[in-house]
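**Q** Each chain is listed here by its residues.
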Amino acid sequence: MQQPTIHDIARLLEASIDGSSETAISGVNKIEEAGTGEITFLSNPKYAKFVATTNAACILVSTDYSPSEIVSATLLRVSDPYSAFLQVVKLFTPEQGIEPSFRHPSSAVHETAQIHASAHVAAHVSIGKGCVISANVVLHAGVVLYDGVSIGAGTTLHANTVCYQSVSIGERCIIHGGCVIGADGFGLAEQKDGSFLKIPQIGTVTIGDDVEIGANCTIDRAAMGTTRVENGVKLDNLIHVAHNVVIGEHTAIAAQAGISGSTKIGKRNRVAGQVGFVGHISTSDDVIVYAQSGVAKSIAHKGVYFGSPAIAVVDELKQQAALKQLPELLAEVRRLKQELEILKMEISKTQE
Amino acid sequence: MQQPTIHDIARLLEASIDGSSETAISGVNKIEEAGTGEITFLSNPKYAKFVATTNAACILVSTDYSPSEIVSATLLRVSDPYSAFLQVVKLFTPEQGIEPSFRHPSSAVHETAQIHASAHVAAHVSIGKGCVISANVVLHAGVVLYDGVSIGAGTTLHANTVCYQSVSIGERCIIHGGCVIGADGFGLAEQKDGSFLKIPQIGTVTIGDDVEIGANCTIDRAAMGTTRVENGVKLDNLIHVAHNVVIGEHTAIAAQAGISGSTKIGKRNRVAGQVGFVGHISTSDDVIVYAQSGVAKSIAHKGVYFGSPAIAVVDELKQQAALKQLPELLAEVRRLKQELEILKMEISKTQE
Amino acid sequence: MQQPTIHDIARLLEASIDGSSETAISGVNKIEEAGTGEITFLSNPKYAKFVATTNAACILVSTDYSPSEIVSATLLRVSDPYSAFLQVVKLFTPEQGIEPSFRHPSSAVHETAQIHASAHVAAHVSIGKGCVISANVVLHAGVVLYDGVSIGAGTTLHANTVCYQSVSIGERCIIHGGCVIGADGFGLAEQKDGSFLKIPQIGTVTIGDDVEIGANCTIDRAAMGTTRVENGVKLDNLIHVAHNVVIGEHTAIAAQAGISGSTKIGKRNRVAGQVGFVGHISTSDDVIVYAQSGVAKSIAHKGVYFGSPAIAVVDELKQQAALKQLPELLAEVRRLKQELEILKMEISKTQE
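Note that the protein sequences, when read in sequence, are chains C, B and F. Taking numbering that gives the first Met the number 0, I'd label the letters of the first sequence as residues 0 to 351. Taking numbering that gives the first Met the number 0, I'd label the letters of the second sequence as residues 0 to 351. Taking numbering that gives the first Met the number 0, I'd label the letters of the third sequence as residues 0 to 351.
It should be emphasised that the hints constitute simulated quantities derived from the structure, not laboratory data. Treat the hints with caution; some may be incorrect.
No copy is singled out in the list; a pair is fine if it fits within one copy or between any two copies.
[What the hints assert, rightly or not] No more than 25 Å apart at the CA atoms, straight line, and that leaves these computed lysine to aspartate or glutamate pairs for DMTMM-like:
{"id": "1", "residue 1": "Lys-191", "residue 2": "Glu-13"}
{"id": "2", "residue 1": "Lys-348", "residue 2": "Glu-338"}
{"id": "3", "residue 1": "Lys-89", "residue 2": "Asp-192"}
{"id": "4", "residue 1": "Lys-191", "residue 2": "Asp-79"}
{"id": "5", "residue 1": "Lys-296", "residue 2": "Asp-7"}
{"id": "6", "residue 1": "Lys-263", "residue 2": "Asp-7"}
{"id": "7", "residue 1": "Lys-197", "residue 2": "Glu-170"}
{"id": "8", "residue 1": "Lys-89", "residue 2": "Glu-340"}
{"id": "9", "residue 1": "Lys-191", "residue 2": "Asp-285"}
{"id": "10", "residue 1": "Lys-89", "residue 2": "Asp-146"}
{"id": "11", "residue 1": "Lys-336", "residue 2": "Asp-285"}
{"id": "12", "residue 1": "Lys-317", "residue 2": "Asp-285"}
{"id": "13", "residue 1": "Lys-263", "residue 2": "Glu-338"}
{"id": "14", "residue 1": "Lys-343", "residue 2": "Asp-7"}
{"id": "15", "residue 1": "Lys-301", "residue 2": "Asp-192"}
With the hints as extra help, turn the sequences into a complete structure.
**A** Written as structure tokens, this is what we have:
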């Protein structure tokens, strides 16, 4: 693909141009991470602080936007920067070369499965009894769907991902390779002798629309009822979602985080990597949890949480700062104790 | 399935009924997690405290059980509540619809492999030289068995699980999707220049009977000898078991925990999520480790451990509580120091 | 295989023998972990301390090596202990029985893929458009290569590993089962309403030569540019490598560690299990990070780091030791405060 100039993009978007327009644009990126030659956008006002510092060559802004500082990037003014950016993103998204209406002869499809004519079914895909595969679905090589799985329109399952029986996935989702969705939850009843009896996991998993799930994640089916990943949720790689968990709309969770059974994560939570949640708790909407935290009880109020156990971030940072002073504090207290002893002796002399 | 009433279940179990018996039962669950309409059981006395508080509609108890508090659930009295519960569990376990004596034409089976006639071999399964597949084994789609793998009677391997050469799995096991069992351990010899020489991993992995392993776990083969997962062990998802590890009977380990090389976990350990064990240590039987702990040395005595590094839970909780007071303590010591200075001045005045 | 004696090995290596030579050797191992009957070697002087304590039956040393303590193991003197050990390692590496020049009829290979005649392509392997598979490559069952993947000579991909489009892997690598290499990075642009727009991940992944990657690892493609794993890097199982990460030559990382986006790990780093790195930082060469650490900022100097947040190991251990004394310190400060109050009263009495 030949790189379009800012001028080319402005014409496509019918945007007015503030700044130079000859620079060739190499890609799209978010405003705080964009590099030289990239185009970005400003939609959410809380990112306005990056307008002056971004390395981006070009920023899509709203028609009435006026920067509070000097901006080196070219501004393209449009009525809706977000929709405009969507158009530019498409310009830079490489063709995946996925042939529609394709069914590889090596795929094993049960006769009762309903597969839309436009779907792409790659080599060695296995589709069980009663599965429903909607329009424009892409199933990459080695995907396995047990009986009764349904996949919504426009969703892609990458290679070797597995969905157990009755799992339901919404529209326009991207499930990366090696995920296991709908395996049995970890439900055990302890016996007198310390052995375990398996609690049958007879629920299922429902994934909403516009969900993206990273590689090698595991999302367990409910013991009874449904493990739910709601619309717009984004999961990074190697995340564990236990049985009966609910993850609220537009929540994003970074790699290697784990959520224990029956925990309910609110909407628009932002969870960093390697965070763990104990079971049977819930978080409010708009909660942010920093990396490696251990969330050990419910979080009732939106805000930023950190630590293991996780507490309000200001308190955690205070503790961390105090902890650094602890070795010196121990020495200090020893000194105070000695001085106090000396004082006691002096006073007793005075009183004699 | 039409839901059976308590009365129906009592008749099946030949149980005597304490309480109302018309309620329809929707499922089985452990006593501390059971919801309205579920049936549970009491076998281990340490769970007796839940009898009064459980939401279950019905509890299987022993003939001579007498509750110490008022119980709202209906009690069904049987001679062995555990065996009775097993019968009820079967009642609620959905049929998986796995056809016995099935071999999908797309499976690739080496001519020297011995596969019991009753086994189910799904699409795109690959079975290597000299493998032995026992009665009623189920190999879901995409399972790969390298040469010399043996799978005991009644064991199920879910889709896309891989067993490297010579791995041995016992009877009645459930291995969930995406597991990799028998990959090389992480054995490296560092060279003068900082590069590594691979130590060949020529041992194997043996999994006992009645073991359940969650999705996307990795269990490495021994450098020499055997990595062993003993009878009745239950592993959650995304767990790492390194080379030469031994996990004792009836130990349960929650998701994303990791056990480093040559460590030996005792029997009936209960390990929470995201716990890490360093290598070359061992734990006693009946050890409990709380979430996100880092077990850095051997644990010689049964008990509850917590923290990173993990210590006795009472000590860890004391430290955590003390840590919360640390910022205030710093201020307090500063105040004491000032007061002491004032006192010193006053005393020197007194002495003048 | 019949076990060779020390004498047999000495003859093979043309080594001179210090000690008894009849013992049969059962395997190879690193000096600090070798067991009775094993052979090891000393090349890096920092391991010399293990010569006296190793359980190995035999140690390969350089011609001019003279031990500082009494050594019970037999010493075999050779000009280059490392190269000699390599020969011995081969002696003990079991034949994998991988047939060269093999292409299973169930494999699905695009007509434009170039596959060297000597390669082994197992059952149910899928190879996309324009892939290049070099000499002596082994692709185990269920491996999936999207379009444009290139695999260097002598590299093995174990079962069910997936490489997305345009991933490039060097020579003599071992990629264990279930890895997903080249999935989209976790690149999201937050919208006004808290939903996300996907940043297209149009970069790729390049793996160098002599790299080993453990089972079920995930290595994401770059947003733009390249995620790079350099020559000689060794990764354990279940590791997450985010988009645009660079891992320097001969770095080794233990299981379940995670590296966030755009972070650059130096050469010869040693990273223990469950460590997390935040994004957009870098580490020096020769950095060691202990288990479960959270590396929250760049590490500019070689050394050993520990804790979450990670600091110099001496400081972290001081803090951990101090933390143990904190509950007692709280009590101590309370006592000091009381004594101070008493003193104040006594002084005011004195002054009356």
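**Q** What hints, given by number in increasing order, does this structure fail?
**A** Violated hints (numbers, rising): 5, 6, 8, 11, 13, 14; every other hint is consistent with the structure.
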